Amino acid sequence: MKSNAFISSPTRTRIVVNCGLLIAISIVLKILFEVYIPLGGFPSLRLNITALPIMLSGILLGPFAGFAVGIISDLMCFIIKPGGPFFIGFTVASGLTGFIPGLLFMLLRKKKTKYLEWFNLVFVALSGTILAIFGVFSFSNGSVYYAGEPLNMVFFIIFIALMIAFAVFPIIVVKKSNLDSEYRSDHILFIVSVSQMVTSILLNTWFLSILYGQAVAVLLPARLITNIFLIPLYTIILVGLLKTLPGFLKQH
1 MKSNAFISSP TRTRIVVNCG LLIAISIVLK ILFEVYIPLG GFPSLRLNIT ALPIMLSGIL
61 LGPFAGFAVG IISDLMCFII KPGGPFFIGF TVASGLTGFI PGLLFMLLRK KKTKYLEWFN
121 LVFVALSGTI LAIFGVFSFS NGSVYYAGEP LNMVFFIIFI ALMIAFAVFP IIVVKKSNLD
181 SEYRSDHILF IVSVSQMVTS ILLNTWFLSI LYGQAVAVLL PARLITNIFL IPLYTIILVG
241 LLKTLPGFLK QH
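Residue numbers (the UniProt record's numbering): 1 to 252.
In case anyone wonders, no lab produced these hints; they're calculated from the structure.
A portion of the hints provided could be inaccurate.
[As the list claims (entries may be wrong)] Below, computed lysine to any residue pairings styled on SDA-like, alpha-carbon distance capped at 25 Å: (1) LYS243 to PHE137; (2) LYS81 to PHE33; (3) LYS81 to ALA24; (4) LYS243 to MET106; (5) LYS81 to LEU29; (6) LYS81 to LYS243; (7) LYS243 to ARG14; (8) LYS243 to ARG109; (9) LYS243 to LEU233; (10) LYS243 to VAL194.
Note that the coordinates shown come from a computational prediction; the quantities given were computed from them, not determined experimentally.
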């Protein structure tokens, strides 16, 4: 496996410059590309890709650089475009969004790992169990209800299809991917999944519960559903960026 010169022997100045570049990109993405998408009876999904440059900083620059980029990005985004009251927990979660990918990448990149592709199947099984326990979906007289509100059957079928695709996709990727590549698709998918599970699904749900006084059981299902969309999206974009971005950053 080829070693990346940018990762193995970066200068301190280069790290600082590239951290600044990724922080700026994260802020721009937050300001310009954060959208809210209504999906039938689903609560609106807040979709943004501000986590991507933070995850990239951890993978390319190391976990501590990723943590710093996440912390500074969150603070700057709050100053420029506050989305509610300041809460230090969200800032820490943003830092972990860079730290966790950096740490996992360090642990995985030099090892021949197996069975990571089954992680998403476990994730789907746990998500489905949680949704069933909380009674998020219910059926009555041939109709589907989400949180007590009627849901178009088309949206429910799309959701089930996405759940299945989410579980099967990494299995297909492993069979077709180059396992000697430094940025293996199954590794990146595993890294994104773990990072989102810890930060978005667990920590941020807990912090929202504290901040707004809502039960975790009310917030968790929608956040699980949101991440079924975001995790594959983040993975596809990250894999594409990691094929070209390290060479670009070497020059800056």
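Verification of the hints:
| no. | hint | in the structure |
| --- | --- | --- |
| 1 | LYS243 to PHE137 | violated, 40 Å |
| 2 | LYS81 to PHE33 | holds, 12 Å |
| 3 | LYS81 to ALA24 | holds, 14 Å |
| 4 | LYS243 to MET106 | holds, 17 Å |
| 5 | LYS81 to LEU29 | holds, 11 Å |
| 6 | LYS81 to LYS243 | violated, 31 Å |
| 7 | LYS243 to ARG14 | holds, 19 Å |
| 8 | LYS243 to ARG109 | holds, 15 Å |
| 9 | LYS243 to LEU233 | holds, 16 Å |
| 10 | LYS243 to VAL194 | holds, 21 Å |
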